[in-house]
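*Asks:* As given, the protein sequences belong to chains A and B, one line each in that order.
Per this note's numbering, the first sequence starts with residue 5, numbered consecutively.
Per this note's numbering, the second sequence starts with residue 252, numbered consecutively.
Everything labelled a hint here was simulated from the structure, so no lab data went into it.
The structure presented is a predicted model; accordingly, all values stated were derived computationally and were not measured.
A hint or two may mislead.
Derived Cβ-Cβ restraints for the label pairs, each shown as a range [what the hints assert, rightly or not]:
no. : chain 1 : residue 1 : chain 2 : residue 2 : range
1   : A       : S185      : B       : S409      : 32 to 42 Å
2   : A       : T72       : B       : D373      : 26 to 36 Å
3   : B       : V340      : A       : D251      : 21 to 31 Å
4   : B       : K343      : A       : R142      : 51 to 61 Å
5   : B       : R378      : A       : Y252      : 23 to 33 Å
Under the rule of at most 30 Å between Cα atoms (straight-line distance), these lysine-lysine pairs were calculated in the DSS-like manner [stated by the list, open to error]:
no. : chain 1 : residue 1 : chain 2 : residue 2
6   : A       : K62       : A       : K21
7   : A       : K43       : B       : K263
8   : A       : K24       : A       : K141
9   : A       : K89       : A       : K148
10  : A       : K25       : A       : K159
11  : B       : K306      : A       : K65
12  : A       : K267      : A       : K159
13  : A       : K89       : B       : K306
14  : A       : K159      : A       : K141
15  : A       : K62       : B       : K306
16  : A       : K217      : A       : K267
17  : A       : K141      : A       : K30
18  : A       : K62       : A       : K24
19  : A       : K148      : A       : K69
20  : A       : K198      : A       : K226
21  : A       : K159      : A       : K225
22  : A       : K168      : B       : K306
23  : A       : K62       : B       : K263
24  : B       : K263      : A       : K87
25  : A       : K87       : A       : K198
26  : A       : K198      : A       : K168
27  : A       : K65       : A       : K225
28  : A       : K21       : A       : K141
29  : B       : K403      : A       : K89
30  : A       : K267      : A       : K89
31  : A       : K168      : A       : K267
32  : A       : K43       : B       : K306
33  : B       : K306      : A       : K30
34  : A       : K198      : A       : K267
35  : B       : K407      : B       : K396
Computed footprint of chain B on chain A, listed as stretches where at least three residues anywhere in the stretch have a Cβ under 8 Å from a Cβ of chain B [claimed, not checked]:
no. : segment
36  : 27-41
37  : 107-121
Think of the CB as a built atom: it goes at the ideal place given N, C-alpha and C, for glycine as much as any other residue.
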Amino acid sequence: MYSVTYHRASSVADAVKLVKKGEDAKFLSGGMTLLPAMKTRLAAPSDLVDLCHIADMKGIKVSGKNVTIGAGTTHGEVASNEKLKAVCAAFSDLAAHIGDPAVRHKGTIGGSIANNDPAADYPAALIALDATVVTNKREIAAAKFFTGLFETALKDDEIVTAVKFTAPAKAGYEKFRNPASRYAMTGVFVAKGKDDVRVAVTGAGEDGVFRSKEIEAALSKKFDASALEGVTVPAKNLMADIHASSDYRAALVVVMAKRAVAKANG
Amino acid sequence: MSDVSLVVNGRKVSGTVEDRTLLVHFLRENLELTGTHVGCDTSQCGACVVHVDGKAVKSCTMLAVQASGSEVTTIEGLANGADLHPVQVAFKENHGLQCGFCTPGMIMTTVDMITRHPEGLDETTVRHELEGNICRCTGYHNIVKSVLAASKTMAKGSKGKAKKAA
Numbered sequence: 005m006y007s008v009t010y011h012r013a014s015s016v017a018d019a020v021k022l023v024k025k026g027e028d029a030k031f032l033s034g035g036m037t038l039l040p041a042m043k044t045r046l047a048a049p050s051d052l053v054d055l056c057h058i059a060d061m062k063g064i065k066v067s068g069k070n071v072t073i074g075a076g077t078t079h080g081e082v083a084s085n086e087k088l089k090a091v092c093a094a095f096s097d098l099a100a101h102i103g104d105p106a107v108r109h110k111g112t113i114g115g116s117i118a119n120n121d122p123a124a125d126y127p128a129a130l131i132a133l134d135a136t137v138v139t140n141k142r143e144i145a146a147a148k149f150f151t152g153l154f155e156t157a158l159k160d161d162e163i164v165t166a167v168k169f170t171a172p173a174k175a176g177y178e179k180f181r182n183p184a185s186r187y188a189m190t191g192v193f194v195a196k197g198k199d200d201v202r203v204a205v206t207g208a209g210e211d212g213v214f215r216s217k218e219i220e221a222a223l224s225k226k227f228d229a230s231a232l233e234g235v236t237v238p239a240k241n242l243m244a245d246i247h248a249s250s251d252y253r254a255a256l257v258v259v260m261a262k263r264a265v266a267k268a269n270g
Numbered sequence: 252m253s254d255v256s257l258v259v260n261g262r263k264v265s266g267t268v269e270d271r272t273l274l275v276h277f278l279r280e281n282l283e284l285t286g287t288h289v290g291c292d293t294s295q296c297g298a299c300v301v302h303v304d305g306k307a308v309k310s311c312t313m314l315a316v317q318a319s320g321s322e323v324t325t326i327e328g329l330a331n332g333a334d335l336h337p338v339q340v341a342f343k344e345n346h347g348l349q350c351g352f353c354t355p356g357m358i359m360t361t362v363d364m365i366t367r368h369p370e371g372l373d374e375t376t377v378r379h380e381l382e383g384n385i386c387r388c389t390g391y392h393n394i395v396k397s398v399l400a401a402s403k404t405m406a407k408g409s410k411g412k413a414k415k416a417a
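Using the sequences and the accompanying hints, generate a full structural model.
*Replies:* If you want it as structure tokens, here you go:
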């Protein structure tokens, strides 16, 4: 790791002030991606502004169907929150399968979405749930927040402070893990709202998370795995690497969608 | 450079370190607590797992300055003098280790796991929970056995305590 200067922010305003001091300062949340990247010198920020001690950014609020999750909430807390489980078990289940227990104790939802790894799990949930990303400057619809591989709509001094969504009637998430990294090689989140079905895919798209119109159309007719028999999704714009071709990922999208629907229907 | 002060295994410690110093290096090199191991250095193997404020974390993926102000427990902090912790006993009795390199991390992960699952553990849960700890000797079978055995003895222990308290 190259030399770095550490700052501990006590509030969001303090963090914004601190990040402006450094030449190439970065916000640090759980550090589960940034620190490994720094250790291998793939990232070399001049300064780190630690957001983990900002009390306002922590915790989960559930009011009726409305869920607000502070950006500094860890995956472990999302996975084990009983109120959240009661209204949207799929979201907790997704968090319970990120990384491993030690990673879930440190990694945060805000850090994960701000990083927008194309194989991360949360982006699929946020798109399928039509969630809103709250920052220190504005509120951004999830669909406009994730803009490409590791790219988001965030400005340099903008901090994700919370995520909001309305719990759907039914939801489910299933992923096919890369056997080595355990990241989603394809992950599908399905959500059945009042009027529509939304399906988002992570781990497979060349530009990161996306909605699958084909799966949505089929599930809108009948929210059941049987509705996906014979349904195909185009392999165009899907990732191809040593782990899986784009055709293979296209097949995985359908299979994971079937499993996710089955889970959603319990 | 930054000053860090924390409580490690119940003892107040402090030091001045480069901001880039990882917690694991602070523990091993400054405090000479070499029970915590560095296996992969890429956050995958779990040999460096310690507890920070009661939660299992990978000390190779946390800066010492991040941990400043926290309470840290390492493998050296588990035993009570010559009396091994129930998880240590279970690993010993069930041959849950061979070369022993991953063992400190396995044991710290296990203690955390048992604490988070007071309802008890089954094999599937144990294997899922051990996802972040790699062992290249045992094939995990006896590690899983050790965890299940420790979970049972610790449940008995806490029931015993509850009875006494009542």
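*Asks:* Does each hint fit the structure? Answer for all of them.
*Replies:* Structure-based check of each hint:
Between S185(A) and S409(B) the beta carbon distance is about 37 Å. The supplied range of 32 to 42 Å therefore holds. For the pair T72(A) and D373(B), the supplied restraint of 26 to 36 Å holds, since their beta-carbon distance comes to about 34 Å. The supplied range of 21 to 31 Å is broken by V340(B) and D251(A), whose beta-carbon atoms lie about 52 Å from each other. For the hinted restraint 51 to 61 Å between K343(B) and R142(A), the CB-CB distance of approximately 57 Å keeps it satisfied.
For R378(B) and Y252(A), the hinted distance range of 23 to 33 Å is satisfied, since their beta carbons lie about 26 Å from each other. Using a Cα cut-off of 30 Å, the hinted pair K62(A) and K21(A) holds, with the two alpha carbons roughly 20 Å apart. The straight-line distance between the Cα atoms of K43(A) and K263(B) is roughly 28 Å, inside the 30 Å bound, and the hint therefore holds. Proximity of K24(A) to K141(A) is assessed by CA-CA distance (about 16 Å); at most 30 Å being required, the pair is judged to hold.
A hinted pair counts as satisfied when its Cα atoms are at most 30 Å apart, and K89(A) with K148(A) qualifies at roughly 27 Å. Of the supplied pair hints, the one linking K25(A) and K159(A) holds, its CA atoms being roughly 16 Å apart against a limit of 30 Å. A distance of roughly 23 Å separates the Cα atoms of K306(B) and K65(A); the hinted pair therefore holds under the 30 Å criterion. A hinted pair counts as satisfied when its Cα atoms are at most 30 Å apart, and K267(A) with K159(A) does not qualify at roughly 37 Å.
Only pairs whose Cα atoms come within 30 Å are accepted, and K89(A) paired with K306(B) is accepted, the gap being roughly 21 Å. At roughly 10 Å between alpha-carbon atoms, K159(A) and K141(A) fall within 30 Å of each other, so this suggested pair holds. Distance hint between K62(A) and K306(B) is fulfilled; the C-alpha atoms sit about 17 Å from each other, no more than 30 Å. Using a Cα cut-off of 30 Å, the hinted pair K217(A) and K267(A) holds, with the two alpha carbons roughly 20 Å apart.
The hinted pair formed by K141(A) and K30(A) meets the criterion: a straight-line CA distance of about 17 Å does not exceed 30 Å. For the hint linking K62(A) to K24(A), the alpha-carbon distance of about 23 Å falls within 30 Å, and the restraint holds. About 23 Å separates the Cα atoms of K148(A) and K69(A), which keeps this hinted pair within 30 Å; it holds. Straight-line distance between C-alpha atoms of K198(A) and K226(A) comes to about 14 Å, which keeps the hinted pair within the 30 Å bound.
The hinted pair formed by K159(A) and K225(A) fails the criterion: a straight-line CA distance of about 40 Å is larger than 30 Å. Distance hint between K168(A) and K306(B) is fulfilled; the C-alpha atoms sit about 27 Å from each other, no more than 30 Å. Distance hint between K62(A) and K263(B) is fulfilled; the C-alpha atoms sit about 28 Å from each other, no more than 30 Å. Taken as a hint, the K263(B) and K87(A) pair is broken in the structure, with Cα atoms around 37 Å apart against an allowance of 30 Å.
The hinted pair formed by K87(A) and K198(A) meets the criterion: a straight-line CA distance of about 21 Å does not exceed 30 Å. For the hint linking K198(A) to K168(A), the alpha-carbon distance of about 17 Å falls within 30 Å, and the restraint holds. Restraint check for K65(A) and K225(A): the C-alpha separation of about 33 Å exceeds 30 Å, so the hint is violated. Between the alpha carbons of K21(A) and K141(A) the distance comes to roughly 14 Å, so the proposed pair stays at or under 30 Å and holds.
With a CA separation close to 28 Å, the supplied pair K403(B) and K89(A) stays within the 30 Å bound. Of the pairs offered as hints, the one joining K267(A) and K89(A) holds, with about 14 Å between alpha carbons and a cut-off of 30 Å not exceeded. Simply put, K168(A) and K267(A) have alpha-carbon atoms about 23 Å apart, close enough for the 30 Å limit, and the pair holds. A distance of roughly 23 Å separates the Cα atoms of K43(A) and K306(B); the hinted pair therefore holds under the 30 Å criterion.
Distance check on the hinted pair: K306(B) and K30(A) sit about 25 Å apart at the alpha-carbon level, within 30 Å; holds. A threshold of 30 Å between alpha carbons decides the hint, and for K198(A) with K267(A) the separation of about 18 Å falls inside it, so the pair holds. A C-alpha spacing of about 17 Å is found between K407(B) and K396(B), which places the hinted pair at or below 30 Å, so the restraint holds. Evaluation of the coverage hint for the segment 27-41 of chain A: fulfilled, as 5 residues show C-beta separations to chain B shorter than 8 Å, against a requirement of three.
Counting residues of the segment 107-121 of chain A whose C-beta sits closer than 8 Å to any C-beta of chain B gives 3, which meets the bar of three, so the coverage hint holds.
This entry does not satisfy hints 3, 12, 21, 24, 27, going by the numbered hints stated previously.
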